[in-house]
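Chemist: Take the sequences, apply the hints, and build the full model.
Number of protein chains: 2
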Amino acid sequence: MQIVKKISKMQSLVKDIKSQGKTIGFVPTMGFLHEGHLSLIKTIKSKCDILIVSIFVNPTQFGPEEDFNNYPRDFNRDEGLCQVTGVDIIFYPSQNEIYEPPYLTFVEVDKLTKTMCGISRPGHFRGVTTIVCKLFNIVRPNIAIFGQKDYQQALVIKQMVKDLHFNIEILTEPIVREADGLAMSSRNRYLSREERKDALVLFQSLQMAEQMAREHKYAVEQIKNEMVKKIEEIPTAKIDYIAIVDPESLDPLEKIQSHTLIALAVYVGKTRLIDNILVENLAME
Amino acid sequence: MQIVKKISKMQSLVKDIKSQGKTIGFVPTMGFLHEGHLSLIKTIKSKCDILIVSIFVNPTQFGPEEDFNNYPRDFNRDEGLCQVTGVDIIFYPSQNEIYEPPYLTFVEVDKLTKTMCGISRPGHFRGVTTIVCKLFNIVRPNIAIFGQKDYQQALVIKQMVKDLHFNIEILTEPIVREADGLAMSSRNRYLSREERKDALVLFQSLQMAEQMAREHKYAVEQIKNEMVKKIEEIPTAKIDYIAIVDPESLDPLEKIQSHTLIALAVYVGKTRLIDNILVENLAME
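Keeping their order, the protein sequence lines are chains A and B.
Going by the working numbering, the first sequence opens with residue 38, and the numbers climb by one from there.
Going by the working numbering, the second sequence opens with residue 38, and the numbers climb by one from there.
Among these hints, one or two may not hold up.
Since the list can't tell identical chains apart, any single copy or any two copies may satisfy a pair.
[Said to hold, decoys possible] Derived PhoX-like pairs (lysine-lysine); straight-line CA-CA distance at most 25 Å:
1) K267 / K254
2) K307 / K267
3) K84 / K199
4) K43 / K195
5) K266 / K234
6) K52 / K84
7) K148 / K199
8) K199 / K46
9) K52 / K82
10) K42 / K199
11) K43 / K199
12) K84 / K55
13) K46 / K59
No lab work stands behind these hints: they were computed from the structure.
This structure is a prediction, so every number in the text was calculated from the model and none was measured.
Modeler: In structure tokens:
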């Protein structure tokens, strides 16, 4: 396994790989890898010749009041995990090279970014699409993979890839959960022991909502109200948003559809957590 | 010479070219080619194996009140000119495929686009960087070339290429002028016979400004005032802007520097024309 820090070195490696006719699979991450990332790595490993994982905590996707400085980082641990999962190259660039001053260019996806996480994190998705565009241009993958925990992010990236005509196949991978149901996230480590228990309310309220949706008896507003009620029972929890939306357009639904995304963001203490369930193939009456 | 309309066809051709280890030179145009374009084609021809010219009148770089619908188009004429200048492939995509609905993604360069043409044409450069990013991803050139008549555009594109880490060398080429000094532009054909004469005031005022700059006697404001005076003598002419700026940052200058860009946009009748002179290597006292 190689560790590459310089962009120019990465570019020349990519050129070599391409000239040998080999395909590149890519997993962009912010490091502090967990089972969710490893599941992405395992899935893409079998679909490419050379597997590249990038580790870069991207400043432009954090708001000024957010946790960029405190975001967990542990390169040695990440390196070990990449090694054992068969990663070929870790791309670990410096902030100064990725955003060489004066950087002035941003990539922005409209509409899909104006709802859900886009409301509470203005500029977040602009940061995401900008860094992914940069990384795609450097790594030039044939295939890249994103986790469904960040459902909106994956959708926004697919839209960017289509609109900008990147010749890259985008895969997504189901959410990986702890044994008790909490969605894996690098931010889970912010939780106190008490908050860790309280955080289960995200998945529990989603499961309840899915069941209600499958029962065909409840209006969207009723389902949302029950979710609110359940979450508000937890004193440390504060709802950022609950969304019941079309999984392609993210438009709010008036009625549950055969494909429905139920997503939410909840602060548990000071930690903002997100989770979602994609309800699929509901038999409609 | 091949004419390629479908994006997928272009992408597979590019893949073939790359797999043969050949380099691609690229001239993006809006068609209605003139000597300025041909000069770009000739310059890049010797620097690449395969020369691709795109012809696409890009709707997103026109404002709602601008001349998108009336912009001159003549594909047969362009085809002939490409043929005789040794173009290998004309990429001539459809608007519907380039901006397949619902397109939502835009590429934007900050700061450099907020001055000069960016003020009078809000959204223009966003349209330019978006289409160029799309075309770069489809054509994947090793080298691309832009004319200095659109000085600000070339600068903005260089910034985008650097910031998004496109592995593409960007060349620029001096302005090509008619015998009497008018900068070549597809929009010159909008001019009436009278306006065509009046339009000479752009270059004449720039030449006067360059001379004043070289004389080291005049303040920036004096030079601008003389330009205004000269242009206002022409009844059909209306100044959009006159800029005397740093050629890298486009920041307004308080004093003439050894490298100074003098640029202007002037309406002649209803036609908006631009021109500029890059004053270089002025001996400073």
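Chemist: Each of the hints needs a verdict: does it hold here or not?
Modeler: Now the hints, each set against the structure:
1. K267 / K254: Answer is within: at 19 Å inside a copy they meet the 25 Å cutoff, but 77 Å across does not.
2. K307 / K267: within (19 Å within a copy, 64 Å between copies)
3. K84 / K199: So K84 and K199 pass the 25 Å test inside one copy only (21 Å; across, 31 Å).
4. K43 / K195: between (27 Å within a copy, 21 Å between copies)
5. K266 / K234: Cα proximity of K266 and K234: one copy only (18 Å, versus 76 Å across).
6. K52 / K84: Classified as both; 19 Å inside a copy, 20 Å across copies.
7. K148 / K199: within (15 Å within a copy, 27 Å between copies)
8. K199 / K46: Result: close only across copies, 16 Å inter versus 28 Å intra.
9. K52 / K82: both (20 Å within a copy, 23 Å between copies)
10. K42 / K199: between (29 Å within a copy, 18 Å between copies)
11. K43 / K199: between (28 Å within a copy, 15 Å between copies)
12. K84 / K55: Result: close both inside a copy and across copies, 16 Å intra and 22 Å inter.
13. K46 / K59: both (18 Å within a copy, 21 Å between copies)
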